[in-house]
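Between the sequences and the hints, there should be enough to build the whole structure, so can you do that?
Quick note, the sequences are listed as chains A and B, same order.
Taking my numbering, I'd label the letters of the first sequence as residues 1 to 360.
Taking my numbering, I'd label the letters of the second sequence as residues 361 to 840.
For the record, the hints were derived by calculation from the structure and aren't laboratory data.
In this text the structure is predicted, and so the values were computed from the model without any measurement.
Certain hints may be false.
Quick list of in silico lysine-lysine cross-link-like pairs, BS3-like style, CA-CA up to 25 Å [as the list claims (entries may be wrong)]:
no.: 1; chain 1: A; residue 1: 168; chain 2: B; residue 2: 608
no.: 2; chain 1: A; residue 1: 169; chain 2: B; residue 2: 608
no.: 3; chain 1: B; residue 1: 397; chain 2: A; residue 2: 271
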Amino acid sequence: MIEAQAPTPAQGADQRLQSHLQEILNWHFSEETGCPFWLDWKQASGWDPREEIQSVADLVKFDHFQDEWLRDEKNERFVPKGFGKRPFNIFETGGTTGLPKQRIGWDDYKHDYEQFSGTLDEASFPRGGNWLMVGPTGPRRLRLAIEHLANFRGGSCYFVDLDPRWVKKVIQRGDIDQVERYQRHVIDQAVELLKHRDISCLFTTPKLLESLAERVSIPGRGIRGVFCGGTTMTPQMVRFLVEEVCENETRFVPTYGNTLMGLAASKPVTKEEGYSITYYAPQPRATLRIVNPEATEETRDYGEYGRVELTTLTKEFFMPRFLERDEAIRRKPCELYPWDGVGDVRPFGAMEKKVIEGVY
Amino acid sequence: MSVPEIPVLRIGAQGEAYESLEVQSIQSIGNKGEAVKVHFANSGLVKRDMLDLKAARKALRRIPCRELLGMVKEAGERFLHDTLPLGLHDEQSPDDYVRQLSATSGLPVALVRRNMGRLKIVFDEVETILQGLSRGITPGALDQGYGQQNGLPVSFVPSTDALAVILPSNSPAVNALWIPSIAMQIPVILKPGREEPWTPWRIIQAMIASGVPKEAFGFYPTDHEGSNAIIRRVGRVMLFGDDRTVAKHAGDPRVEVHGTGRSKVLFGQDQIDDWEKHLGLLEESVSANSGRSCINASTIVVPRHADALAEALAQRLLAMEPKALDDESARLSGFANPRFGEAISGMVDEGLKAPGARDVSVALRSTPRLIERDHMTYLQPTVVRCDSLDHPLANTEFLFPYCAVVELPQEQMLEQIGPSLVVTALTEDREWIDDLLAYPAISRLNIGPHATCHISWDQPHEGNLFEFLFERRTVAFANA
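Spelled out as structure tokens, the structure:
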């Protein structure tokens, strides 16, 4: 008798992703459950992904998803028939002028953040503890997501809003005084909340966290865990945030995410690994691939920089091969997340765009 | 020898070398490998350190001003002669310094040595400088905050806890500007230029070796955002830039911008017929320090003989050719980043397209203005004969030995020259001298044959450092 060998964690993850992929393709490309956008696409393209995509590797048969579609197409065209008449949430990405890109959704953000909740340690993000979110709220998915995370863990969430579109405009105008005044206005509100309410967990962006720590001691104010994201962080920035802003006391958890993907958790950052951050997509609901920017069907080798390509695979939203505006190092799977990771994320082309410095 | 690693030095209580995870590699010119690794401070760290500068000032205040003057003077000897710590693991002899700075900046070793000599004078003369800038304050008056000056009671209060300096890469001698600050008990925060961490680092080490507390020094190689954090958060800031930088900070009393100098030599009606006698002075004014200073003359204004003078000056400057960096006779600096040389030469060419200007040098030389040598670009000295001061190539300056020669009646000169950092006026005409003395847009006026780059250390250079760092106030003691 031949004994069946248990699959390795990596094999298990692959199998889960494989069967999830088939389920999602069946959902989005069947006439009963799919959305008008993808059903029309199927007809126009002349091929049926349910038949031709047999594995994750086959996803390269899709062209890159164009994010303009999320602005130019009506949102209703992305409603899978399977969701019937159930009203949807509308979440917006960036945008400074004109109509911003929108993604619709129902429960994905809850699933994503419940899954993410499982990665948070209980001592740093205590059950029942209240949260404070300082960052972009408004039409962003993040606002509901953080509140859901707090509620899911038994706490409530306080908010201080920040309008990044306004900040971008002011920066473009070169009015640094205004930027600083606005930042102070945001931080003032956060400081007041921290002084007068019991708050033990914080979500904010790296820059706002730095500013907040100039006014109050983060652990001194009772913050036990900081969940931080929104912009890229170099290892030196992470080190500074861990050692000096969080005073080596408050737990610092960086994340990488956006409205289109959800959020990628990071392997715990350590001094031993040089504070380098490696993020892992919330597989199987989304996958990240590091590709050769010149030939995006090629996956980079481990340890190499390449452009980040995202595929989102949920019943609410199917988005194959979207090229993020970031680049990162392809990293190996780890024990916690047995699939490829993306390391040291930075804006795409950051190195080439660096202007030659010099002072006259 | 291993590649030196220069860390961040955090000002104040920390005072320790900080090894960043972000390290920038500076290459030696000519693909000769890595010259130095420079640790970069992230902007958050910079902002945090600028929050409280009191500890740094306190450390300096503990030492009487008189003692600090001695330490600074001693530091000059050490800067010139001692082997000093270099970065995290290495040491640096004076010869190492000369070689290393030359290899990353494109300054010939002979010019680096000359700059060392200029800096040494500042160390040596620091007491004279303090006396000159403060108009004779006794060092004790700074220690106790009040005293007597010329028999009158005075009290000075510092306007800042530290002086920040955003340094350029193109000339080590600019470090002369901040050295006296230490003797005035004001700590310094230095952001070095990308290719020139060497000089500020070495001066700091010389000062520490002479007894100045290390808490008084901040050394922050950083990016644009970090520089901005320094500029916005420190009470007094010196920075170097062009007219746009000057305009950006106009009206901000915290920021002193060292911009374009538009320094000039003016010939009086009474001296112009002897112009040939002054060719040496003109050559020095235009070309000293490879023409890279704001105190180099960039325009010469004469009532007549402009063509002949321009030609003769261009002829003299022909000898200033690109040579090997270690050639002791080299006087012309190269551009470590070849694109800088190309861009500047392009600006001159663009200017020559406007009618009314002629490149006098190019006609005398067999080689073009822009040439390549040893993986660098060099701009050879250029004299341009312009029809008027309004021409785009007149009353402007470039980062190489360059000058425009313009003919203008003496009585129109002061109406047209505009703001000028240095003016050397060659005249003995008493009436015109009175006009020059009364003309407010000249910062430094030399009457008679002084090269524009001649410096009097007991008088303000570009702004008065003492008045920048201290304000006078009234103080009265009821029981005195």
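For the pair supplied as a hint, residue 169/A and residue 608/B, is the alpha-carbon distance within the 25 Å limit?
Distance ~19 Å between residue 169/A and residue 608/B Cα, so the pair holds.
Take the C-alpha atoms of residue 397/B and residue 271/A, compute the straight-line distance between them, and say whether it is at most 25 Å.
Cα-Cα ~21 Å, so holds.
Take a quick look at whether residue 168/A and residue 608/B sit within 25 Å of each other, Cα to Cα.
holds (20 Å)
No hint from the list above goes unmet by this structure.
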